[in-house]
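Sequence order for the protein chains is S and Z.
Sequential numbering of the first sequence, starting at 215, is according to my numbering.
Sequential numbering of the second sequence, starting at 390, is according to my numbering.
Calculated directly from the structure, the hints in this document are not laboratory data.
By construction, the Cβ of each residue, glycine as well, lies at the ideal position given by its N, Cα and C atoms.
Possibly wrong hints are sitting among the right ones.
Negatives, chain Z to chain S, calculated, CB over 12 Å [what the hints assert, rightly or not]:
1) S454
2) M469
3) I497
Just some of the chain S residues that point at chain Z, by a computed CB distance under 8 Å [to be verified]:
4) K254
5) K255
6) T316
7) G320
8) P321
9) G322
Below, each chain spelled out in residue letters.
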Amino acid sequence: DTAVSQTPKYLVTQMGNDKSIKCEQNLGHDTMYWYKQDSKKFLKIMFSYNNKELIINETVPNRFSPKSPDKAHLNLHINSLELGDSAVYFCASSTGGGYQETQYFGPGTRLLVL
Amino acid sequence: GQNIDQPTEMTATEGAIVQINCTYQTSGFNGLFWYQQHAGEAPTFLSYNVLDGLEEKGRFSSFLSRSKGYSYLLLKELQMKDSASYLCAVRSRGSNYQLIWGAGTKLIIKP
Chain S
215 DTAVSQTPKY LVTQMGNDKS IKCEQNLGHD TMYWYKQDSK KFLKIMFSYN NKELIINETV
275 PNRFSPKSPD KAHLNLHINS LELGDSAVYF CASSTGGGYQ ETQYFGPGTR LLVL
Chain Z
390 GQNIDQPTEM TATEGAIVQI NCTYQTSGFN GLFWYQQHAG EAPTFLSYNV LDGLEEKGRF
450 SSFLSRSKGY SYLLLKELQM KDSASYLCAV RSRGSNYQLI WGAGTKLIIK P
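Chain Z with its partners taken away, still in its complex shape:
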């Protein structure tokens, strides 16, 4: 079967760094996405990885290792507004552009 695992919840301090992990088992791989979802709102796109390595975008970076079926989202200089759920999603082979979603990691930022 196809499966995506993320921690359910994480807590971090304002100004610190946090790493949110995602492991996946899918039939083929055509890219991994990270989305941010604030409570009561729609998911919004953060990053896309299809090749191994680190993609940096401001305070957020995303890493991918295809051989390990592993990705992480790194958030630096945490701000209170970063409190949200972070969803990992994978596009598997022959999926007609559909994504397989993880349950998301709820990140709580404390002052």
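If we strip away everything but chain S, and leave its shape as in the complex, we get:
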């Protein structure tokens, strides 16, 4: 019954490693997002993906690459992890059909880079 799910919930890894976070939504939404929430609690949009159109936030390093095998999935792959990548990463989805549409968030992935 989970609307937006993410795996893993916790991820502890060494600097320089490559890791992936998976996201799935069963709401039938057309738009999915990846957010980074840092220690100061700012939610920063990283990517949004709407009907096969990927919109990239230019401030995101190219070590981060989103991959969407289909409308219900938007995964995030991170190469060469750095200490500053430690944060909570939230996946979200919305209908993408208008300005009022609500974003539904996954439970978050807590990434710690050592």
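Since chain S is already given, all that's left is putting chain Z on it; use the hints.
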């Protein structure tokens, strides 16, 4: 630039009323959202305003003044479970459905 300001932290007493303010400066405006985020959990939707005025939803109400770039979230009959962060987010013009988020206001409820 685009900016959203909220107080960092507020404290209130159980049963009381609290108002959390949000001011914004964005390139165009297509709606303002309030989300609630309990510690260690995901944000959840509370309210949406696009026209000036007050939207009431149970114990929570949200107000918008577009001319002033200002909104507030009003929480009545506070309960301990209302202890959470409250995030203000604005959808600006041409934003491809993306939201600009404030840092959130951490609300602490005391007995």
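Hint check results:
1. S454: holds (18 Å)
2. M469: holds (21 Å)
3. I497: Consistent with the label, I497 (chain Z) stays out of reach of chain S, its closest Cβ about 15 Å off (over 12 Å).
4. K254: holds (6 Å)
5. K255: Hint on K255 (chain S): holds, closest Cβ of chain Z at ~5 Å, below 8 Å.
6. T316: Since the shortest Cβ distance to chain Z is 4 Å, the answer is holds.
7. G320: holds (6 Å)
8. P321: holds (5 Å)
9. G322: holds (6 Å)
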